[in-house]
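Trainee: These are the residues of each chain, in order.
There are 2 protein chains.
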Amino acid sequence: MKKYGVIGTGAIGGYYGGKLARSGQEVHFLLHRDYDYVKEHGLQVDSCDGSFHLDHVNAYHSTADMPQCDVVLVCLKTTNNHLLKELLPPLLAPHTIVVLIQNGIGVEADVQQMFPDTAIVAGLAFICSAKTEPGRVSHQCYGSINLGNYSCKDEARLHALLDDFHNAGVEAAMVSYDEARWKKAVWNMPFNGMTVALNTQTDLLLQNPSTRKLIRDLMMEVVHAAQHLGVSNVDESFAEKMIEMTDQMTPYSPSMKLDYDFHRPMEIHYLYSRPLEIVHNAGFRAPKLEMLEAMLRFVNAGE
Amino acid sequence: MKKYGVIGTGAIGGYYGGKLARSGQEVHFLLHRDYDYVKEHGLQVDSCDGSFHLDHVNAYHSTADMPQCDVVLVCLKTTNNHLLKELLPPLLAPHTIVVLIQNGIGVEADVQQMFPDTAIVAGLAFICSAKTEPGRVSHQCYGSINLGNYSCKDEARLHALLDDFHNAGVEAAMVSYDEARWKKAVWNMPFNGMTVALNTQTDLLLQNPSTRKLIRDLMMEVVHAAQHLGVSNVDESFAEKMIEMTDQMTPYSPSMKLDYDFHRPMEIHYLYSRPLEIVHNAGFRAPKLEMLEAMLRFVNAGE
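Residue numbers (my numbering), protein chains in the order written: chain B, 20 to 322; chain L, 20 to 322.
Honestly, I wouldn't trust all of these hints.
Copies of the same chain look alike in the list, so a pair counts if it works inside one copy or between any two.
Below, simulated DSBU-like cross-link-like pairs (lysine-lysine); rule was C-alpha separation at most 35 Å, straight line [what the hints assert, rightly or not]:
1) Lys104 with Lys260
2) Lys260 with Lys58
3) Lys260 with Lys21
4) Lys22 with Lys150
5) Lys22 with Lys232
6) Lys104 with Lys150
7) Lys260 with Lys232
8) Lys21 with Lys104
9) Lys232 with Lys21
10) Lys232 with Lys58
11) Lys232 with Lys172
The set of hints was computed from the structure by calculation and includes no laboratory data.
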């Protein structure tokens, strides 16, 4: 049995942390607004794969009270990542693995700079879930997680982590770090921003021939940027596959569109500014993605 | 005295045609919705330079009833330019000059294709005016017109046209055709589309550092496209001047934003698609302008 820490017990942290706790791991949850409720009533996970309730949750209001952990799952929105410098230290032992289950590109590099000696792993969640009320997570579909190794030198611990996910009933696999982050960006960068900029959903963007072409152009800018950076297996055919896949989806509002609709901070920095900075520093221009970033900055300022 | 025809008696046609009529020219006005009103009550021009009323207006409901004219002022929105093939022929004599007082790039070439032997001149109006009610034009400020010779071989007639404007109290000057159209595009292409895409006005776009940079980027794409086409005197310093000028203006909604606000057709074709087609055919790409066009097509489809 290992000690797990979960920073941010929402739709993602509540689900993966909840599954691990149910499977018998010792999981310590950091909560903010829901602390009192969960301390008293526990955590409910309504899931398409079988609902369950955790009666006794190791709930904390401050990481200062939490123990050092073997694995920390960071499930904050990246708009709160500046808090990690204060939040993480009490949980870190020399052998701790920090898994960033977050959106965007550049999060691992920036957290590594805060904690140069910590083993960092990217977590790419493929899941539809939402926190519907205090202490209650609704898991609608999917649920797998891919792990991309950023700086963990201990392969054995990584495989033990995979085993823990499997034992908890979570599909998990190791993937190439750069490839996974950039493949996710091929979908994320066009659709998150465009649904906000035009206040629409994925289906309408693909039905209109002008924006369908624009979505493809934006995807190709991500593909060519990734290729310029030397990331392997990100090519034009992958972008085509992403468009076909989205054609098959029900009308969808990406996370940034939901943030916009509910007047929450948008993850512009790690979804646009940081990747564009990395790309520019490598001498590559992505003019349409730049334009989208500027428009999102304008929309965000008006919020 | 010359015979003038005015196709489209709105904010522009009502003002310039009205000024010419008041100065003693024989002016024939095509009207649509306002025909009955103007036939009975005449035309009122409320103007910062002195208001006036035309009691008896040569008003027509169809160009079939209009005489051949020495000069025809086309003051339609370009979204109606497909009608010109039917509307213009009754007014055209071999010596007729057609002045297109319209927005965008490519209108002269397209009208020339409909009427290969007709002398065509571009009219670039610098004016704030609006049709406020039937038969009533409100002219708030400016009012000058620049003429760019597209295909008129008779210089003497062009100078006589300038004289008529001057005698009517309208500032008018001959300018280089390509230069004038592209200089206007340096302002028009960024501001018309961006105020619609972000549902805002000129001042807020320039106050936000991200969109201020984007406006400059879009202007530079127009400048570099014009330079690629060999248009002279359109350079980066002109774009900077346009930004400084707009900084000094009161918060402004360009014509496309007004069309959007009042659910009228937007001039996407001649403000974006045609110039971008010309630019692409010359082997130049303007990715941010392309993106703006696609977003406007999406917005327009939702209207």
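Trainee: Give a verdict on every hint.
Mentor: Okay, the hints, checked on the actual structure:
1. For the homomeric pair Lys104 and Lys260, neither the shortest alpha-carbon distance inside one copy (38 Å) nor that between copies (46 Å) is at most 35 Å.
2. With identical chains, the CA atoms of Lys260 and Lys58 are never at most 35 Å apart, being 45 Å at best within one copy and 63 Å at best between copies.
3. Taking the closest pair of Cα atoms, Lys260 and Lys21 never come within 35 Å of each other, the shortest separation being 39 Å inside a single copy and 65 Å across copies.
4. Proximity of Lys22 and Lys150 under a CA criterion of 35 Å is satisfied intra-copy only: 24 Å inside one chain copy versus 74 Å between copies.
5. Taking the closest pair of Cα atoms, Lys22 and Lys232 never come within 35 Å of each other, the shortest separation being 48 Å inside a single copy and 49 Å across copies.
6. Within a single copy, Lys104 and Lys150 get their C-alpha atoms as close as 26 Å, which meets the 35 Å cut-off; across copies the closest is 61 Å, which misses it.
7. For a Cα distance limit of 35 Å, the shortest separation of Lys260 from Lys232 qualifies both inside one copy, at 14 Å, and across copies, at 34 Å.
8. For the homomeric pair Lys21 and Lys104, the shortest alpha-carbon distance inside one copy (24 Å) is at most 35 Å, but the shortest distance between copies (80 Å) is not.
9. With identical chains, the CA atoms of Lys232 and Lys21 are never at most 35 Å apart, being 49 Å at best within one copy and 51 Å at best between copies.
10. Neither within a single protomer nor between protomers do Lys232 and Lys58 lie at most 35 Å apart by alpha-carbon distance, with minima of 50 Å and 49 Å respectively.
11. In this homomeric assembly, Lys232 and Lys172 never come within 35 Å of each other (Cα to Cα): the closest approach is 43 Å inside a single copy and 43 Å across copies.
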